[in-house]
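Trainee: Which chain is which? The protein sequence lines are A and P, in order.
Read left to right, the first sequence gives residues 1 to 450 (the working numbering).
Read left to right, the second sequence gives residues 1 to 254 (the working numbering).
Since the hints were made in silico from the structure, they are not lab data.
Treat the hints with care, since some could be wrong.
Stated by the list, open to error - Which chain P residues stay away from chain A? Per the calculated CB distances, all over 10 Å, these:
#, residue
1, L43
2, E44
3, R56
4, P62
5, E170
6, K186
7, V218
To be verified - Cross-link-like lysine-lysine pairs, in silico, DSS-like; alpha carbons within 27 Å at most:
#, chain 1, residue 1, chain 2, residue 2
8, A, K424, A, K338
9, P, K222, P, K49
10, P, K183, A, K296
11, A, K424, A, K341
12, P, K49, A, K296
13, A, K423, A, K341
Glycine residues also receive a C-beta, built at the ideal position from the N, C-alpha and C atoms.
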Amino acid sequence: MSEALEAEQKTNPQGDPITSVAAPKVEVGTARKDPHAEAKRQKVVTPEYMFLEAPRTKEFITGSEAAKEAVRRSSVDLAIAYPITPQSETMQLIGVLYGEGYVKEYYRGEEEVGVMAAIAGGSRAGVRCFTATAGPGTLRGMEGIASWPGHRLPAVAMFTCRVVNAPLAIQPDNIEVAYLLNCGMLIFHAENQQDMFDFIMAGFTISEKNDVTLPVGVCCDGFFVTHARGYVRMQDRGIRLPPREAWRGAVPVLDAENPPARLSRDAPVQKSNFMAYNIHAVWQQEVWAAVERSRKYINKYMGGLLTAENVDDAEAVIIASGSAAAQSREAVRICAEKGIKIGLIKVRSLRPFPTQELRQLLAKTKLIVVPEFNYVGWLAKEVATAIYGYSHAKIIGGPRVYGGQSMPVELIVDEVESGLTGKKSTNVAMSSIMGGAVSQDDVAHFMRSI
Amino acid sequence: MATTQDTRERIIVPGPAGFHPPSAAQLGVSLPDPGEGLYYGLLEPNEDKVIEEMARKMLTSPNATIFPGPLVLWAWNEHAIEKARAVLEIAAQIPNVMIIPMPDYRPKYPKIDPEEVINPNHPNLTIWGNKIEACIFVGVHCHYANLTLKMIRAGTNCLTMAICAEQGHEDAMLTIRDSDVVKLKKTAQVFKRVREEMGIKLPDNGENVRFTGTQSRVHGGKTHTSPLTFAPVTVGAGSAGAFGHSAEQMKREG
Chain A
1 MSEALEAEQK TNPQGDPITS VAAPKVEVGT ARKDPHAEAK RQKVVTPEYM FLEAPRTKEF
61 ITGSEAAKEA VRRSSVDLAI AYPITPQSET MQLIGVLYGE GYVKEYYRGE EEVGVMAAIA
121 GGSRAGVRCF TATAGPGTLR GMEGIASWPG HRLPAVAMFT CRVVNAPLAI QPDNIEVAYL
181 LNCGMLIFHA ENQQDMFDFI MAGFTISEKN DVTLPVGVCC DGFFVTHARG YVRMQDRGIR
241 LPPREAWRGA VPVLDAENPP ARLSRDAPVQ KSNFMAYNIH AVWQQEVWAA VERSRKYINK
301 YMGGLLTAEN VDDAEAVIIA SGSAAAQSRE AVRICAEKGI KIGLIKVRSL RPFPTQELRQ
361 LLAKTKLIVV PEFNYVGWLA KEVATAIYGY SHAKIIGGPR VYGGQSMPVE LIVDEVESGL
421 TGKKSTNVAM SSIMGGAVSQ DDVAHFMRSI
Chain P
1 MATTQDTRER IIVPGPAGFH PPSAAQLGVS LPDPGEGLYY GLLEPNEDKV IEEMARKMLT
61 SPNATIFPGP LVLWAWNEHA IEKARAVLEI AAQIPNVMII PMPDYRPKYP KIDPEEVINP
121 NHPNLTIWGN KIEACIFVGV HCHYANLTLK MIRAGTNCLT MAICAEQGHE DAMLTIRDSD
181 VVKLKKTAQV FKRVREEMGI KLPDNGENVR FTGTQSRVHG GKTHTSPLTF APVTVGAGSA
241 GAFGHSAEQM KREG
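Pulled out of the complex, with its shape left as it was, chain P reads as follows (with noise of 0.2 Å):
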């Protein structure tokens, strides 16, 4: 389908930015609305164009990484766990993609690895350790995934993109807003769309996550791994719920 070539400048690109840039916020970038999203930038009416960009580059960028936060991790109520479900599934899409888990938001360095863990307080770390291009952030909260961008875009040339489940964010270079589990499961059919355009394969057996270093040694030595055997089941979920917090309240999150 023929389309109108974006002649407007790209305002948000991957970095390295610069020793201090100003925020997104500080250009004039403001957030997308409901069905909107941002592309580098620059409000885009339509975010299915966002989430072909976002495939696009997890498919061809070097060391493509999804980063999945708490609101994904833990097994706050069942709806989390469907969003957790629904991001491996994205994940299922990209060859040798790596998940590399941000659990909580406390600075940790040096105690931890950092390419082994991204934390918001030195994600350039991870970025620069492991080589990262391409990178999804998914199930933080958005203040802090807010820190982690701005960092990634000030110091690394990585490609940031924000799967939010509130309103967005302007320091990525591509992201959409309100991503329930419908919008991540759509958004794995259209990464399996554009995969299957593009002519990229998945491995027949369908390892397609490569392990980090401590993920690979915990694992027995394997490279790579299929996400779905990872898929989260009910049993266990909910201790979130034991205090008030219930699917209904959590709906939105991730």
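This is chain A alone, in the form it adopts within the complex (with noise of 0.2 Å):
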């Protein structure tokens, strides 16, 4: 390309300019500076100065600037797009770190298929991979994103989730976690742009593990956290985490031209006639037991996999995940204030899930409520499954909100209200109240409905 092109402004599709790929102006007679200048001072540090020490600065930005400051400071080899603007536009300010040197490669796929796919070959290859998308663009990738685990394939994807049902939609509803939640995966749900900063690193960090060897997503409430701004505290963009040691992994890199060519993963699972229904199920259990091997991780690199605030003597006790725990977190001021005793559980790792600290935490507890940005409720049957026979409680699957609607905090203190008073809900189902003591008369019509 020549320099007077370059030195043009690039847009995207939408016209806004595209400026830190741009080449700089250079004034005749002056040296041309390097834009990745700055990327190559970076400094590797470990992951745990990076977590526990490193001193950090507020900002004010927004989720998907968050996530793009996260792969900024995680030395990640490959980037792949496909936007699925405007749910997010993440991918397009990673395009930015790419024309800033922080990230090696970087292109636009076709779509999702080719994008998990590519996503696939540059972990294989040994690289650190990441991408983003949302909604219908998760689904569409879906053949690909549930391969990965058992691939032992691992890569951060970012899924700023978004309604997938028809009619189109492209506001927030994260019904799509309900379909990531059996990949195989790890599973984060961000409640807020710090969130998103920090689970994309610690991603890269237990994804890599050699016992774990597995992907992460990082999922969060399209629009509530992508497009809107909270402070982040941050590193120092001039630190970043070590470049991945793929030679450390649970399975070979993919290295087709370099003998013994033999060694790379001519998968079994491509070549069922040749291979025993068996190795098939021990390789299940092998990807779900790496699965569980990450909680040590979670607990160093994240601090745990839920947070528990006010849970020992609370009268009741909501329990959340992403977008819903922030609305809690209101919720649960204005039950103070009315003199209820209520704790909050945000589950930050739904894959693997906290069931063990659930058990402890809940033993007593009487009364929960799951307030959830989806129809289908899964965190309340998460719930439920993981607490069943070590907790006496009322489990209120509700209140939900779908569709693109936000959640009034007036909805979850009802239900905190009236799970104390008995009175019934104008908002949840009796179909999705579980647990503790279920009036036969309050569920027969529903009953005779199914």
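Mind assembling these two chains? They're in different frames, but the hints should get you there.
Mentor: Structure representation (structure tokens):
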């Protein structure tokens, strides 16, 4: 490309200027500035220093910008974009990082099937990979995404959740998490911009641990986190995580050119005529064993699979993840003003799920309220399954909003109050109330309808 | 030396554990921290105790076998060669031991003879065919070692041991971690000490490794050999090094 063309300001399809990838204008007679100079000066630090010791400064940025800043500090080799705008501008911002030299390779895939396949190829080849998608894009790429864990491919994918059902909508709704939960990958759910920043960086580190060697999905509720701004405490941009050491993975790196090439993962899952069903069965066991092994790293680098506030002597506990946790925080404040002793558990890691932690925390709880931003109530089901037999609490699987609705905190407060007083809820179906003593009269209508 | 009796119930023991038993991780077994080992599914703070038990089982079980994997079978670099030598030093302390390779991970059955080469996709065939009741895996990438160990525990009565360069393996009955060259050589010395304490002697000619059928045929019908005569030399090493895998990078592999 000629210098004259490079000097022109590039724009994205919407006409917005992409300033950082445009070559800087060079005054005649002056030296050309290296656009990668700052990236080249970054220093590698240990994950322990990065997460536990490095000083941080606070900035007011969007979730997409937080993701960009996380990637800037994560020694990412390959980022592949199918931006699915306008849900998230994350991958466009990662393109800016490419222009600045923080990401080694970056390109736009044809669509999500291609993107997820290419992420698989990059991870197999031994490089650190990142991508982001949302809603229909997640489901379109699901075949590839669901195959990553079985192939033991470390990578981080960001899912900025949005409606996936017809009719088409681009509003927040985290139904897609329900599809991701059973892939065998690690799934974190970010409440806010800070979580988005922290979980992505920790995700790379945990994903590549030899005994884990699995992809990490970092989910958030689109728009609420990606487009809104929040305070994010970040380490200095002059430091970064160590690069991926692929030779330490649980599987050999794909290297078709390097004898003995037979070491490459010529996966038996693709040669079912030569394999026993037994190998596929133990293979799946091994993927989920690796999910289990990630617990200690989540505890170390993220401070736990959940956070719990005021749970010990609480009459009721709200359990939430993602943006529902933010709404619940305000509901807790209102309940406290009303004199209700209430606790809050924010689930940060959905896979692995904090089963043991919940069993311990909820052993004496009388009421659990699980607000969610989806119709099916995947978190309520997870909670109920985890504590079944370990708690006598009544579990209210709601309130739930979906299709882009926001969640008024009063809805949550109502459920806490009605749950404690025995008053019938107007917002949660009886069929979504579990645990404790069930009144057969109350559910009679529901039972007839099924 | 008097020791305290460990009364905890063993979790991971020789099978057959069942048609499709839960994995060790599902049973709540977690990997050891540095310096520790896993002793039948229980965390053992003193890894030497685990190595001593490995020695006892390899010295007393029928058809004890070492299964070296690609990380010590191929001359990736000088470091891999050093580790291969150390593995042979362990083998040199076990009378009548067999060495059956796991050269790569592709499924080959029925094209190969599973009694001669073990493969993670059907390792039970190798165990059954040779009636192996104790074995050590070393130099196998962790994912494939875990598949192998699960299948052997499910379907055979073999006591499995894993000498791992990384974090160890829950599905092995005995495992140690961070096994670099120094630890491999130390393991060989522990095997020697235990063997001598048990009064088990090596053959005078040093030929303590028993050939498999094919190995015997390619060596003129000999039944046994000295493992140290197979100790690799440095010449020819480093095909991987030519592609950027430096010895420094791979110093923990094995």
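Trainee: Are the hints correct? Go through all of them and say.
Mentor: Against the structure, the hints come out as follows:
no.: 1; hint: L43; verdict: 13 Å, holds
no.: 2; hint: E44; verdict: 18 Å, holds
no.: 3; hint: R56; verdict: 27 Å, holds
no.: 4; hint: P62; verdict: 24 Å, holds
no.: 5; hint: E170; verdict: 7 Å, violated
no.: 6; hint: K186; verdict: 22 Å, holds
no.: 7; hint: V218; verdict: 20 Å, holds
no.: 8; hint: A/K424 <-> A/K338; verdict: 19 Å, holds
no.: 9; hint: P/K222 <-> P/K49; verdict: 36 Å, violated
no.: 10; hint: P/K183 <-> A/K296; verdict: 25 Å, holds
no.: 11; hint: A/K424 <-> A/K341; verdict: 20 Å, holds
no.: 12; hint: P/K49 <-> A/K296; verdict: 25 Å, holds
no.: 13; hint: A/K423 <-> A/K341; verdict: 18 Å, holds
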